[in-house]
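Each residue of the sequence shown is one higher than the one before, counting from 66 in our numbering.
Any given hint could turn out to be false.
What the hints assert, rightly or not - Using C-beta positions, here's what the derived DEER-type ranges look like:
{"no.": "1", "residue 1": "209", "residue 2": "156", "range": "20 to 30 Å"}
{"no.": "2", "residue 1": "292", "residue 2": "202", "range": "41 to 51 Å"}
{"no.": "3", "residue 1": "202", "residue 2": "126", "range": "27 to 37 Å"}
{"no.": "4", "residue 1": "219", "residue 2": "130", "range": "32 to 42 Å"}
{"no.": "5", "residue 1": "127", "residue 2": "201", "range": "41 to 51 Å"}
{"no.": "6", "residue 1": "171", "residue 2": "240", "range": "25 to 35 Å"}
{"no.": "7", "residue 1": "202", "residue 2": "132", "range": "17 to 27 Å"}
{"no.": "8", "residue 1": "288", "residue 2": "216", "range": "14 to 24 Å"}
{"no.": "9", "residue 1": "193", "residue 2": "144", "range": "16 to 26 Å"}
{"no.": "10", "residue 1": "132", "residue 2": "225", "range": "17 to 27 Å"}
{"no.": "11", "residue 1": "302", "residue 2": "192", "range": "40 to 50 Å"}
{"no.": "12", "residue 1": "219", "residue 2": "245", "range": "18 to 28 Å"}
It is worth saying that the hints were derived from the structure and are not from the lab.
We put the beta carbon where it would ideally sit given N, CA and C, even for glycine.
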Amino acid sequence: MSCADSQPVRSVTPVCPKLKNFGRFPLFSFRSFCSFRSWHLVFLAPAFFSGCATLAPEEKNVASTVIMEPGALEAKSTGFRLIGRVSVKEGRDGFSGGVQWRHVQDGDQILLLSPIGQAVGQIARSADGVSLITAEQEHYYADNVEELTERVLGWRLPLSGLQYWVQGTNSPDTPSEIDLDIMGRVAAIRQDGWEIAYSGYSPVVAAETPQSEAERARLLTLNRNGLRIRLVIDEWNTVND
Numbered sequence: 066m067s068c069a070d071s072q073p074v075r076s077v078t079p080v081c082p083k084l085k086n087f088g089r090f091p092l093f094s095f096r097s098f099c100s101f102r103s104w105h106l107v108f109l110a111p112a113f114f115s116g117c118a119t120l121a122p123e124e125k126n127v128a129s130t131v132i133m134e135p136g137a138l139e140a141k142s143t144g145f146r147l148i149g150r151v152s153v154k155e156g157r158d159g160f161s162g163g164v165q166w167r168h169v170q171d172g173d174q175i176l177l178l179s180p181i182g183q184a185v186g187q188i189a190r191s192a193d194g195v196s197l198i199t200a201e202q203e204h205y206y207a208d209n210v211e212e213l214t215e216r217v218l219g220w221r222l223p224l225s226g227l228q229y230w231v232q233g234t235n236s237p238d239t240p241s242e243i244d245l246d247i248m249g250r251v252a253a254i255r256q257d258g259w260e261i262a263y264s265g266y267s268p269v270v271a272a273e274t275p276q277s278e279a280e281r282a283r284l285l286t287l288n289r290n291g292l293r294i295r296l297v298i299d300e301w302n303t304v305n306d
């Protein structure tokens, strides 16, 4: 089936080569760990996130709130590679595990891992669209990540905004509100129906630490209509596009 097909979400075997070979993360040989559509069978693992105790959301003294209109800032979603942990919870359903994400201007490569390190899925975005490979080697393709993850996983990954939010800024494409704390750091962003809370800022910064690194929160908590996504950033590296 060609990548040019117009169906919104479809299963494709094999995946479009342009998407299969995108990025620097290897395409793991997935085992039958779980079906992504059965994501609710993967129970939240408290031990896996025990390291988050020191990164619990903090009470912020909001010093000011800034209203941002579309186009008010020049888009600057710089390239990065992060390694971290993610948990997703909606009602009684949940998933937790590791995440590796490589982002450049032209695309994304996201690898999701189980708490014991097994690859359970890979999402790739390029100019041609988005592919998703499940643990059972099922290949899906769509025009955007939000639509694809909602159909296949049962929950919506807001990648178009998250590529900015994870860098502590709002997307320039839609209106937003930004809360700043008393130190001028971003405490929360409200955009596209999501509220993103930031915490885990480093209290001590070495003199040689770049300002952008010093101001990056390690914990992001995203909430929208009962869906909660928590992302802990353990490692961050800038990537040249």
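Status of each hint after checking the structure:
no., hint, verdict
1, 209 <-> 156: 20 to 30 Å, "holds, 25 Å"
2, 292 <-> 202: 41 to 51 Å, "violated, 27 Å"
3, 202 <-> 126: 27 to 37 Å, "violated, 50 Å"
4, 219 <-> 130: 32 to 42 Å, "holds, 33 Å"
5, 127 <-> 201: 41 to 51 Å, "holds, 45 Å"
6, 171 <-> 240: 25 to 35 Å, "holds, 26 Å"
7, 202 <-> 132: 17 to 27 Å, "violated, 46 Å"
8, 288 <-> 216: 14 to 24 Å, "holds, 22 Å"
9, 193 <-> 144: 16 to 26 Å, "holds, 19 Å"
10, 132 <-> 225: 17 to 27 Å, "holds, 20 Å"
11, 302 <-> 192: 40 to 50 Å, "violated, 24 Å"
12, 219 <-> 245: 18 to 28 Å, "violated, 35 Å"
In the structure shown, a violation is registered for the earlier hints numbered 2, 3, 7, 11 and 12, in ascending order.
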